[in-house]
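These protein sequence lines are chains F and W, in that order.
The working numbering applies: residue -12 is where the first sequence begins, and numbers increase by one.
The working numbering applies: residue 50 is where the second sequence begins, and numbers increase by one.
Hints were generated in silico from the structure; no laboratory data involved.
Virtual Cβ for every residue (Gly too), placed ideally from N, Cα, C.
One should not assume that every hint holds.
[To be verified] Across the chosen pairs, the derived CB separations fall in these ranges:
no.: 1; chain 1: F; residue 1: 328; chain 2: W; residue 2: 110; range: 33 to 39 Å
no.: 2; chain 1: F; residue 1: 331; chain 2: W; residue 2: 193; range: 45 to 51 Å
no.: 3; chain 1: W; residue 1: 164; chain 2: F; residue 2: 306; range: 38 to 44 Å
no.: 4; chain 1: F; residue 1: 54; chain 2: W; residue 2: 133; range: 36 to 42 Å
no.: 5; chain 1: W; residue 1: 402; chain 2: F; residue 2: 331; range: 42 to 48 Å
no.: 6; chain 1: F; residue 1: 198; chain 2: W; residue 2: 272; range: 24 to 30 Å
[What the hints assert, rightly or not] Some chain W residues flagged as far from chain F (calculated, every beta-carbon gap over 12 Å):
no.: 7; residue: 58
no.: 8; residue: 105
no.: 9; residue: 130
no.: 10; residue: 164
no.: 11; residue: 234
no.: 12; residue: 246
no.: 13; residue: 337
no.: 14; residue: 356
no.: 15; residue: 358
no.: 16; residue: 394
no.: 17; residue: 400
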Amino acid sequence: MAQSSFLNFITKEFKHIFRDTRTLLIVLVMPVIQLLIFGFVISSEIKNANYAVLDYSNDYLTKRLVQRISSSGYFNFKGYLNSYDEIEKVFKNGDAKLVLIIGNNFSQKLQNDRFANYQVVTDASDPNTASILASYVQGIVNSFTTEYFGLTRQKERVSVQSRMLYNEEMNSAFMFVPGTMVLILMLVTAMMTSISITREKELGTMEILLVSPLKPWQIVVGKVIPYIGIAFTNVLVIILMGYTVFHLPLRGNLLLLMGVSSLFIVLALSLGILISTLSNTQAVAMFMSMFALMLPTILLSGFIFPIENMPKILQWLSLIMPPRWFLSALKTIMIKGQGLQYVTSEVLVMLTMTTVFIALSIKKFKVRLE
Amino acid sequence: MRRIFILLQKEFIQIFRNKTILPIIFVLPIVQLLILANAATQEMKNIRFTIVDFDNSSESRRLVNAFDQSKFYTLIPVEGNVDRAVELIDLGKTDAVLVIPKRFGESLVEGTPVNVQLMLNAINITAAALTQSYTNGIIQNFASSISIQNTNHIKSKQSIRHWYNPELNYKLYMVPGILVILVTIVGMFLTAINIVREKEIGTIEQVNVTPIKPYQFVIGKLLPFWIIALFELSFGLLIARLAFNLTIAGSIPLLFAFAAIYLLVALGLGLILSTSASNQQQVMFMAFFFMIVFLMLSGLFTPTESMPKWANWFNTINPLYYFMKVNRMLILKGSDFTNLSGSFLSISLMAVVVLGVAILRYRKKSA
């Protein structure tokens, strides 16, 4: 009897979710679009940066130099300036990110003294781009002048031969595919469940469920099960897309990968349940999920920004962020291709977190009306 | 006019009655600014570095010392050979391994070129690329400190001026961007959810049978969040000032003028989303979806110029792109109205279109 009403309840939940085709579509399409944007739009390489030139020499050599910079692909020539004062206007308009200033007699000095100065002024309101662009200019000027005077480029006395382990081609998919997976799983499991349970509370239907023959745990499990299905579909889609479109290797054991993903799904769900026990309206559940889930998922998990570079407090804070551990396990399994013994600490931490969240939820779950 | 005023009163009472919304409004900016700005750093501060020194000469020891002295590196010692060191990378205990070959010191003094090998964990390519360039810098610096006679060498020296942010403090760049997210979340999400909530609970039908006109209802719904979002912006700027010593180089009224117009777009989008959703979960997902796409393309982390053409084309209708750009230009560079007139024009056009569509759609629904 209880068994069949439980099944009925789950069927009802599935119907609820699949009836709302729009949300379902968003949930299924979102990871695909995110991956595409990360893969094809966001790149750490800087291209087509606008730059202007203030050339006091204005001779054959400097003109060739400007041509060389403009055709490098990194820069987009915006024109010559007439005076130093114009730099401010160009920067404030956002027309250029860098201004190259070549002083008088640049080529003569190079020719006679074998040494010449030039200046670079950057719009360092974007500091990263500014320093990268300055180093691009330096590289181009150096190789141009050596070539121009017919010298062979001096060999570096110590040359560093780098080997990029795990990722020889510097494929950024190694970062964003696992990252997107964590983000989507958090969104689908934790955020959606917390909101859908809170919804019953807000609309008052929770009371009806509570007086039904269903036990409280059955209500919660019933609400959660459909999302497990959706989350698993997302995992498969993301892995498949990472593998086919972005050439992400699957070096590790697929079964282990699925196992760890399932563990994380359960962890995120228990977090979602906990949030739902703490909030009374969907708006609150949503904002709590944003804080407790989205922000740390994106920032403190090492998805975009390396954890090691953060201030110590944030590094400690990242230790209690569930996504951090999943992300680390994911990379170890997928990319390094290592086995269970390399991810034991991650698995243990995630298990502990799940237990704690579930225990807290049981304690907080109100079966009675206030 | 009185009706709108009463509606506003009702909205504010409802918003502030909710004990959890209030802390969110205040805690959100603090947490976001403090955590985001500190976490979003592109500098390598703590590279765990392992050196395998096969040479063990005075030169190689000096090189090891150079890394030890650098505040960016933490040396992780290794017993034995290269395999053990690579294993450390496997275990995630070190980020990079440098192998100094035999006869390194001798060759350096003789002036014959010598290779060193650097192995990096390149799963995070940004970190790997930065580590590589830092390491190369230290090694080249070290090499040039050991003198040999140098002939036939041409040199051009670059002197750099970094304007607006001479210390290249990345946080100053991130803070205006975070303020954009903050204001958008409060504006778009709160509005959308608020209206859908009325739908879900059924109170919207009660409103619809009152003599309140659609435009009055829309104003009554939008104005409170418009005010709250503008308050968020000032609160965020205050925190940025206190925590990061961020001063606004440009005109503050101009900044708020742009934010006010931008918010009309954000709130209008929230309203449009709410008219096409029937429950809060749905509207939240739609809002989240749009927000993520808009945000990723807006140039929050990477400059938009580096993006493909279609992304730049898309950005002409991306409100977040404009606000991100204007906010940074105004706060960091002190751009004035003549510099920003194009963005002002675009965002105003967008506001007219979005609000127009929003009111039309709402009217249809209520008819």
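| said: Going through the numbered hints above, which ones does this structure break? Give me the numbers in ascending order. | reply: Of the numbered hints, 4, 5, 6, 10, 11, 12, 13, 14 and 15 do not hold.
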